[in-house]
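The residues making up each chain are set out below.
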Amino acid sequence: MSIWEYANPVKFMKTSSLVLPWATGLAAACLIGGLIWGFFLTPDADNFGSTVKVIYVHVPAAMMAINIWVMMLVTSLIWLIRRHHVSALAAKAAAPIGMVMTLIALITGAIWGQPMWGTWWEWDPRLTSFLILFLFYLGYMALWEAIDNPDTAADLTGVLCLVGSVFALLSRYAVLFWNQGLHQGATLSMDSAQHISDVYWFPLLLCIAGFILFFVALVLLRTRTEIRLRRLKALEQRERMA
Amino acid sequence: MMPELGKYAVTVLGSYVATVALLAGLVALSLWKGAKVKRALARQEERMRKNG
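Protein sequences, first through last, are from chains B and D. Going by our numbering, the first sequence opens with residue 1, and the numbers climb by one from there. Going by our numbering, the second sequence opens with residue 1, and the numbers climb by one from there.
No wet-lab data here; the hints were simulated from the structure. Hints should not be assumed to be uniformly reliable.
Calculated lysine to aspartate or glutamate pairs in the EDC-like style (CA-CA distance at most 16 Å, straight line) [as the list claims (entries may be wrong)]:
id : chain 1 : residue 1 : chain 2 : residue 2
1  : D       : Lys7      : B       : Asp46
2  : D       : Lys38     : B       : Glu236
3  : B       : Lys233    : B       : Asp148
4  : D       : Lys50     : B       : Glu239
5  : B       : Lys233    : D       : Glu46
6  : B       : Lys233    : B       : Glu145
7  : D       : Lys7      : B       : Asp44
8  : B       : Lys233    : D       : Glu45
9  : B       : Lys233    : B       : Asp151
10 : D       : Lys50     : B       : Glu236
Reference excerpt, derived from the structure (chain B facing chain D, CB under 8 Å, subset only) [what the hints assert, rightly or not]:
id : residue
11 : Ala45
12 : Gly49
13 : Leu103
14 : Ile104
15 : Ile107
16 : Leu143
17 : Leu218
18 : Thr225
19 : Arg228
20 : Arg231
21 : Leu232
22 : Leu235
23 : Glu239
Every residue gets a Cβ at the ideal spot worked out from N, C-alpha and C, and that includes glycine.
Next comes chain D alone, as it looks inside the complex (with noise of 0.2 Å):
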């Protein structure tokens, strides 16, 4: 199944990998920062309504 590469299998490897980790890496990221805003505002409305 694995294409035949030849010589150059370091330099197409080399770049998927570089792309898929780079992208996966600003997914994860933007979903953590996501979560953890939505959670502290969340708390801070929570807050807020108890106060008054």
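Bound-form chain B, shown alone (with noise of 0.2 Å):
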């Protein structure tokens, strides 16, 4: 058996149809979990008071605007060096879950910022970064709207998607390119002496967890309709041509 059975739709389809209710399920238990824990059952942090409770959706929407933006990348190359259209499909059902993580990153970073750093925003290496990164995403699904032919604009959001990548790695090491800004260091550190408390920890990887299965379902939920979206215009084309 071979990954590359999966590039053909039929396969596809099938495949996801199995793993989707589950991933859902998954999604639902983890996130509904893991904010409940975060929200509720952890204290105040000494330094950032109850706005701690912040990191459980601004953390894992921040890790997860830019590992879309990979998952997009390697879904690129593959339709670019391979041709196989669920890849390419799998990118653009991707994107606007991406752009949307992106958002909720600055939106609940704005708020967190305000009482915490005196402003809503800052032209912060990584704020600007991501406000960057936003933009790619939103050209990005402009770019497959504005051409009709689906090949084409495989092609052309595939190279804008490795353009983007630069930014998308940018927002993830900006702080050690330049100098820190007001952004803290990374909240998820291998460093014993600047990992956060096992309190906050522990909640935050549900909720982790819970973005990628929600980002896991909804893309394939998206791939399948993508899908079924190009196999109704290939049957008008035919049925004009007749």
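Assembly of the complex is requested from the two constituent chains, each provided in isolation within its own frame, with the hints serving as guidance.
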């Protein structure tokens, strides 16, 4: 058995119909459990007070914003190199989810920043690279809509995805390249001195798992829709030509 | 049951409300578009079957 079997739309539809209910159920369980645990059952932090509870939505959303672009990069490369339609459609299906995750990270960051930093926005390296990433998501989605031929659209959006990957990486590593800025260092660190307390760490892990599973479920659902839409357009074209 | 959020209540609740609203909107739009495309494809396949 090869992973390329799933490039076949029929095989993808069959397998995803089996995976989708499980991913949805697990995502709901992890998200509800993690958010209830984090919101109701964790104490205030000494330095941040009750605003520490914002990490349970802000950190997973920011992680997903970057990692969804990486997933789009991988699937775009598969399209550009091997010409598998399902991979191009998966990248297209993932973009709106990544855009919403980036927006959540920007909005919750601004809401948190106002009382903590005294400002809604600062042209800090990480914040700025996240804003650029958000604009790349919008541009990527607009490019798909602007081009009628789906293969040309997949080619051009694939190239845009390669370019945007620079900003996805910058969003993650901006604080290492430039001065720290206002944004603190990584919340999730292997360095025990920087690592957050276990009281916050475990519910955060559950929320991250929930966001990942939420993405898996939604990208499967949206890719299935894109595959059906592609078939619908092909049938309509065949009917017109008959 | 509600935790004491003190002067940061608006910050914390605002973040959660914004997140839930955006995620719910995304799910609703995805389900709506999925159902619409599925219906349209079924109609098209049925029409083509009838027309041979």
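Each hint, compared with the structure:
Simply put, Lys7/D and Asp46/B have alpha-carbon atoms about 15 Å apart, close enough for the 16 Å limit, and the pair holds. Taking the CA atoms of Lys38/D and Glu236/B, the gap is near 14 Å; set against the 16 Å cutoff, the hint holds. Restraint check: the Cα-Cα separation between Lys233/B and Asp148/B comes to about 11 Å, which is no more than 16 Å; the hinted pair holds. Simply put, Lys50/D and Glu239/B have alpha-carbon atoms about 12 Å apart, close enough for the 16 Å limit, and the pair holds.
Straight-line distance between C-alpha atoms of Lys233/B and Glu46/D comes to about 15 Å, which keeps the hinted pair within the 16 Å bound. Distance hint between Lys233/B and Glu145/B is fulfilled; the C-alpha atoms sit about 14 Å from each other, no more than 16 Å. Taken as a hint, the Lys7/D and Asp44/B pair is honoured in the structure, with Cα atoms around 12 Å apart against an allowance of 16 Å. Pair hint Lys233/B plus Glu45/D holds up; C-alpha atoms about 11 Å apart against a cutoff of 16 Å.
With a C-alpha separation of about 13 Å, the suggested pairing of Lys233/B with Asp151/B holds against the 16 Å cut-off. At roughly 14 Å between alpha-carbon atoms, Lys50/D and Glu236/B fall within 16 Å of each other, so this suggested pair holds. Interface restraint check: Ala45/B against chain D, minimum CB-CB distance 11 Å, threshold 8 Å, status violated. With 8 Å as the threshold, the beta carbon of Gly49/B comes within range of chain D, its nearest partner Cβ sitting at about 6 Å, so the hint holds.
Restraint check, Leu103/B versus chain D: the minimum CB separation of about 6 Å is within 8 Å; hint holds. Hint status for Ile104/B: holds, given a least beta-carbon distance of 5 Å to chain D, under 8 Å. Taking 8 Å as the C-beta contact cut-off toward chain D, the hint placing Ile107/B at the interface holds, the least distance being around 5 Å. With a least beta-carbon distance of about 19 Å to chain D, the hint placing Leu143/B at the interface is violated under the 8 Å criterion.
Contact between Leu218/B and chain D, as hinted, is supported at the beta carbon level, the nearest pair being about 6 Å apart and thus within 8 Å. The closest approach between the C-beta of Thr225/B and any C-beta of chain D is roughly 4 Å, which is under the 8 Å cut-off, so the hint is satisfied. Checking Arg228/B against chain D: minimum C-beta separation of about 5 Å stays under 8 Å; hint holds. Here the hint on Arg231/B is kept, as its CB sits about 6 Å from the closest CB of chain D, short of 8 Å.
Checking Leu232/B against chain D by beta carbon gives a least distance of about 5 Å; that is within 8 Å, so the hint holds. A cut of 8 Å between beta carbons decides the hint on Leu235/B: the least distance to chain D is about 5 Å, and the hint holds. For Glu239/B, the interface hint holds, the least distance from its beta-carbon to any beta-carbon of chain D being 6 Å, beneath 8 Å.
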